[in-house]
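There are 2 protein chains.
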Amino acid sequence: MTKTLGILGGMGPMATVDFIAKLIRLTPARRDQEHIPLLVHAVPQIPDRSACLLQSGESPLDALLKGINVLVSGGADGIAIPCNTAHYWHPELVRQCPVPIFHMADICADYLQQEQVCNVGLMATDGTLKAGFYPPRLAARGIETQLPTAALQQQIMQGIYAVKSGHTETGSLLLEEAFQQMLDSGAQRVILGCTEIPLALSQTRADLQHRGVDATNLLAAHAVDWSLTSPANQAA
Amino acid sequence: MTKTLGILGGMGPMATVDFIAKLIRLTPARRDQEHIPLLVHAVPQIPDRSACLLQSGESPLDALLKGINVLVSGGADGIAIPCNTAHYWHPELVRQCPVPIFHMADICADYLQQEQVCNVGLMATDGTLKAGFYPPRLAARGIETQLPTAALQQQIMQGIYAVKSGHTETGSLLLEEAFQQMLDSGAQRVILGCTEIPLALSQTRADLQHRGVDATNLLAAHAVDWSLTSPANQAA
Chain A
1 MTKTLGILGG MGPMATVDFI AKLIRLTPAR RDQEHIPLLV HAVPQIPDRS
51 ACLLQSGESP LDALLKGINV LVSGGADGIA IPCNTAHYWH PELVRQCPVP
101 IFHMADICAD YLQQEQVCNV GLMATDGTLK AGFYPPRLAA RGIETQLPTA
151 ALQQQIMQGI YAVKSGHTET GSLLLEEAFQ QMLDSGAQRV ILGCTEIPLA
201 LSQTRADLQH RGVDATNLLA AHAVDWSLTS PANQAA
Chain B
1001 MTKTLGILGG MGPMATVDFI AKLIRLTPAR RDQEHIPLLV HAVPQIPDRS
1051 ACLLQSGESP LDALLKGINV LVSGGADGIA IPCNTAHYWH PELVRQCPVP
1101 IFHMADICAD YLQQEQVCNV GLMATDGTLK AGFYPPRLAA RGIETQLPTA
1151 ALQQQIMQGI YAVKSGHTET GSLLLEEAFQ QMLDSGAQRV ILGCTEIPLA
1201 LSQTRADLQH RGVDATNLLA AHAVDWSLTS PANQAA
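Protein chains in written order, with the numbering used here: chain A, 1 to 236; chain B, 1001 to 1236.
Some hints here could point you the wrong way.
Taking CB as the label site, the calculated pair distances span [claimed, not checked]:
id: 1; chain 1: A; residue 1: 26; chain 2: B; residue 2: 1177; range: 24 to 34 Å
id: 2; chain 1: B; residue 1: 1130; chain 2: A; residue 2: 132; range: 51 to 61 Å
id: 3; chain 1: B; residue 1: 1208; chain 2: A; residue 2: 141; range: 48 to 58 Å
Think of the hints as simulated: they come from the structure by calculation, not from any bench.
Here the structure is a predicted model, which is why all the values come from computation and not from measurement.
Virtual Cβ for every residue (Gly too), placed ideally from N, Cα, C.
I would like the entire structure built from these sequences, with the hints used as guidance.
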């Protein structure tokens, strides 16, 4: 029995599109009816996640909970959130949600453990770095997290907000250079830990593609597998 | 007040993604929060529309109504259906839906009238041709519809189902050739009247791009305009 995936999206809007496209490409389907059923809440008016974590801006929690309520009422059996930063609120969302909510960082860390990676760079928003949910999950699997220098992190944030404002080419240049610097500093692989980053790097050099760990794609693969294979009502 | 757009999608899944991407590109936004709020029901298990219309297959009406119910309950103020063939059921859906549902063929016909087109080719599914909702809407605006020959229509259907099964390159070749034949037969412009067709022709020759009328893009432009500019609760 194929289960319905709820997507709490809109953070940002094009990252949600990228996530859905990845779900579809990863589904072994030959006709419409073999694809997994989706319900998508993409209300981008959700307060900015990084602004809340760093500048005590308005909390997105109420808006996130409202979205989850719409998804569950509409029939979602499990929920994916294609926004890394929003996972800061994952524990609170899980407490208030009757269906499983996947955690991008857990899925990413499981993958890196399987791949026997010891040392990984993390490209993410200031909010995700401050929230700090990646390093302990990686450490628990024996993987060291390499964070960008302050100057490099500033460049990464500029790249991410360039993508959000529709300036994908500018974003690509900034993010590709930052990616290369993290590899030069010794990272074996680099987590693309903000859903805007894979959008900007989708056409990047093959050697970088190979070293990047696309957290959006891993979440999509996990969700497809969950929808198609695990029995109804099983935990994520 | 930005209104929430409900999308009754999944027909097919990638066509829904294409529609959402077009909505985002057409929105004059510089940050996440300026994009229009979306609720998307993409449950591709909806019975095949053409199979119902041509071979008395299972009707998709109940599944379509169920989707609309989820969208309205979740807060949609208006609904777009990025599937031309499904518009056969538009009158019945409108009767049972408390919010406006846009009609792709009306939007397309309005656009062609504005562009002072007199004669337009129609590339669509067998189901849409049988349903016959394009020609009278075009005729009401003084536009003649040019339909493909039976052999060409068979090629168009092969192209559409190739796209649905993930064979986009094969689909592109079949559909591009059919498009050219319709122009050779004297059509001024050609309606891409199945949401799979713009997917297949997104990389086509510039001269064809210029002559195609992308019904998906027109629906997206209409929906963005409706969400951002018309007063709440106004009819679509």
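Results for each hint:
1. The hinted window of 24 to 34 Å between residue 26/A and residue 1177/B holds, with their beta carbons roughly 31 Å apart.
2. Taking the beta carbon of each, residue 1130/B and residue 132/A are about 59 Å apart, inside 51 to 61 Å as hinted.
3. A hinted range of 48 to 58 Å holds for the C-beta pair residue 1208/B and residue 141/A, which are about 51 Å apart.
The structure meets every hint from the earlier list without exception.
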